[in-house]
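There are 2 protein chains.
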Amino acid sequence: MIPVIISGGSGSRLWPVSRLADPKPFLKLSDGHSLLQNTFSRAINLPDVNALITVTNEKLHFRMQDEYQQLNDNKIACDFILEPFGRNTAPAVATAALFAKEKYGEDEILLILPADHLISDGEAFNEAVHGAILAARQGYIATFGIKPEYAETGYGYIEANIDKPITDKAYLVNRFVEKPNPELANKYINSGHYLWNSGMFCGKISTFIAEFELYAKNLLATTKECLAKSPRDKLSNSTIIHLSSSLFIQTENISIDYALFEKTYKAAVLPCSIGWSDIGSWLSIAQNLPKDKHNNATIGENILHNSKNCLVYSTNRIVAGVDIENLIIVDTPDAILVVNKDYSQNVKLIFERLKNMEHKTSELHQTAHRPWGTYTVLEEGPLYKIKRIEVKPGASLSLQMHHHRSEHWIVVDGVATVTNGDNVLELKSNQSTYIPIESRHRLENKTDKNLVLIEVQCGQYLGEDDIVRFEDKYGRTQ
Amino acid sequence: MIPVIISGGSGSRLWPVSRLADPKPFLKLSDGHSLLQNTFSRAINLPDVNALITVTNEKLHFRMQDEYQQLNDNKIACDFILEPFGRNTAPAVATAALFAKEKYGEDEILLILPADHLISDGEAFNEAVHGAILAARQGYIATFGIKPEYAETGYGYIEANIDKPITDKAYLVNRFVEKPNPELANKYINSGHYLWNSGMFCGKISTFIAEFELYAKNLLATTKECLAKSPRDKLSNSTIIHLSSSLFIQTENISIDYALFEKTYKAAVLPCSIGWSDIGSWLSIAQNLPKDKHNNATIGENILHNSKNCLVYSTNRIVAGVDIENLIIVDTPDAILVVNKDYSQNVKLIFERLKNMEHKTSELHQTAHRPWGTYTVLEEGPLYKIKRIEVKPGASLSLQMHHHRSEHWIVVDGVATVTNGDNVLELKSNQSTYIPIESRHRLENKTDKNLVLIEVQCGQYLGEDDIVRFEDKYGRTQ
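In the order they appear, the protein sequences are chains A and R.
Here my numbering is used: the first residue of the first sequence is 1, the next is one more, and so on.
Here my numbering is used: the first residue of the second sequence is 1, the next is one more, and so on.
Keep in mind that the hints were calculated from the coordinates and are not lab data.
Don't take every hint at face value.
No distinction is drawn between identical chains; accordingly, a pair holds when it is met within one copy or between any pair of copies.
In the DSBU-like style, the derived pairs of lysine-lysine whose C-alpha atoms are separated by at most 35 angstroms in a straight line are [what the hints assert, rightly or not]: (1) LYS293 x LYS341; (2) LYS234 x LYS291; (3) LYS355 x LYS293; (4) LYS293 x LYS360; (5) LYS291 x LYS348; (6) LYS348 x LYS293; (7) LYS308 x LYS28; (8) LYS59 x LYS101.
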């Protein structure tokens, strides 16, 4: 079986932790791992998994690869299908199926997993996957139907046809229904055979392709052409496909639910209870964290006085709550959110406003991820900017030059190999160097340990766009 | 007339903005000036004011001097009486009166002003002071009685003896009463002749001394001895007195209300409405700020959605509020407070807990004030610490040495004169130098503009106590 991790949504209701360049899959809860990493772990630890495919945005590739690498002890082959922009789930699934057929043959089973869901009961998940595989082997596409806990109006539902079991655990699907109003949601709950649509599903490659052929012929043809004509990087045991934007834009922007599930007769549903949540809002995060005796959930340093039913999420500051109730407080280095728990959906509105204002907190965190590592802006003054730069083992920044700024570099941990004009020098912790304006320079970490460096930029103009790249090992140009 | 600014309380209910080393007088509201600066401006702009005395803690001296300097265009003589520790208001007033008698003679009038009150109606204040002076000239100590706006239980009250006017605006005091319970407070309000005790008062030096002689003879004697035997710095037109701790501790730790006002027959009260608040809590700050149409008061960048009756105070981050009500949110670089407006008194409990934990946010801000300027900790890692150091024109850090850390200095604005071992060099913006471990070094700003420098410390131990001082122009040793 080949798990396919699909990374889509932005998580605008999880601002200020989720941002355009830092979407929901990278959200870390209390275990120190991101939602993505937990999805990856769940996937690769399933029996008989030797390869995994990820469909994601081109921009997130290196960061996802890094997150996988921390956990991929058995060096499972990780193929990436990189989208230039989002086209909803149907083109993503079709492309993954076509690529998997080409690489692994059409009899393999695909397990499609959104990158940003929470599943707290790993054992139940494994069992459910086992049940889904049995249905998939019979030519069905088995969806995972979560036994509903309450009349949620934020999820779609799947009606199981309980008169038509196809295995001892799965049923044919009667119909898929969209997010209901509260009245309908209650009806669904009471009926006993409606399940939450988790967005996870499982089927043979041949089944997917046959069903696309039947119900989304054009979509299959356009994704096929796009896949065939897009450039690929072939590494030792994995392939990186950069989907061509001019071809990918020809594919239909449509969800797999519309394109396939609402039409096919092959949909099955496997009712299960696996502690699933799609972590759609801060409220759902609060619901999924352990609580103290006053029903407060906290991550990070905090001190609460006479407060109850709150979620406090902080990264590097202490948060004090005094006589507060039913609030969600989220602290990040450059933005703070305080929201009434009953209205956590409205965080999306704040995010939209900030995006429209082009406010920096809608786009980027102070820590930005790059193929070679990260940089964190520590302070910006009128004539200077200070960054902490962390370079991964073996990584290298581009050979570059700035027209308007000079840079002072001080190594605080690890060893830097610095190209500065015609010189190449090695700097250890507590050593420094100076890169004058217009000097060609490069920073490399040739060791197997992280390199940490403080950069003080001086100049009249300090924008990130003042960079001329001469060489870049990650294929980045201007 | 000589205004006497007395700086006492810590402002623990105004945490996280007020801290042990950053007490309430330094709180800045929306006009960009601190409460202290506004008190100073009010004082020096009164008619016939040519000198001012400040009684404050030794540790706050340089910072207060800096704050005054920004506003002291007419170079009014500013004497400082520096206490080694707080002994409540009676010793402070007695010492100020004795010093003023010695310097200005006993016929001058003193106007005692707490450093951290808000007075929004400057014109009414000036008029009230005029009225107080008339009473003072007749040998009274005129207190400023604020016409109460509601039945406040957090203030002391003054009962005016309305049958005994002593001028056309002031009355003899019937009695001083302590903070009442709500029932009593209501009674006071309804009576019409109870006033809030603002803590401001005015009297001739000779009156103060005579009354101390009568009712607090021992206090007067001990403060007299302490004043006489404490070391003084005499500058061109001002004197700095460093009260000796071994003598100052002999003075009684008592308020002027207990020591004098509750006993004297010379107390007068001048009813007035001057927009006074003692800014005792975040609630009172909220009450004294302008509001938007949803009754929200804000300082700093913020975005509020469907929120009302809130105070949002932020320094350098955006704060988003979503569907919140009746909250106070205060953001500082290293601590955030969210408090129910009805319980803002309880912030004191948080402060006390943090103090007991010796939590850094109870003591210092990330920006620390020093006689020569400020430093701000931008980041601390396991092996490094980054500071922005700002040195005032003409100021100089001590000649010093560190056993455990080396320092990289990069000038980003201004010109630094750097002593490094046997060398002295001048560094301009974009120039840097390296101070090795155990090298004697000094940083000076010999220019008339601010110097801004980024310091990256490297070492195994980075505590502020790793400093050996050889010379210090501010008299600091270890």
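Measure nothing new, just compare the shortest in-copy and cross-copy C-alpha distances for LYS308 and LYS28 to 35 angstroms and report within, between, both or neither. both (23 angstroms within a copy, 32 angstroms between copies)
Within, between, both or neither, where LYS291 and LYS348 count as close if Cα-Cα is 35 angstroms or less: Cα proximity of LYS291 and LYS348: in one copy and across copies (25 angstroms, 26 angstroms).
Pop the pair LYS293 and LYS341 into one bin, within, between, both or neither, using alpha-carbon distances up to 35 angstroms. both (18 angstroms within a copy, 24 angstroms between copies)
Intra/inter-copy verdict for LYS348 and LYS293 if alpha-carbon distance must be at most 35 angstroms: Close inside one copy (30 angstroms) and across copies (24 angstroms); limit 35 angstroms.
My question is about LYS355 and LYS293: at a cut-off of 35 angstroms on alpha-carbon distance, are they close within one copy, between copies, both, or neither? between (38 angstroms within a copy, 25 angstroms between copies)
35 angstroms Cα cut-off: does LYS234 pair with LYS291 within a copy, between copies, both or neither? Close neither inside one copy (47 angstroms) nor across copies (62 angstroms); limit 35 angstroms.
Up to 35 angstroms CA-CA - LYS360 versus LYS293, copy category: between (38 angstroms within a copy, 28 angstroms between copies)
Given a CA cutoff of 35 angstroms, do LYS59 and LYS101 count as a within-copy pair, a between-copy pair, both, or neither? within (26 angstroms within a copy, 75 angstroms between copies)
Hint compliance for this structure: hint 2 is the single one not met.
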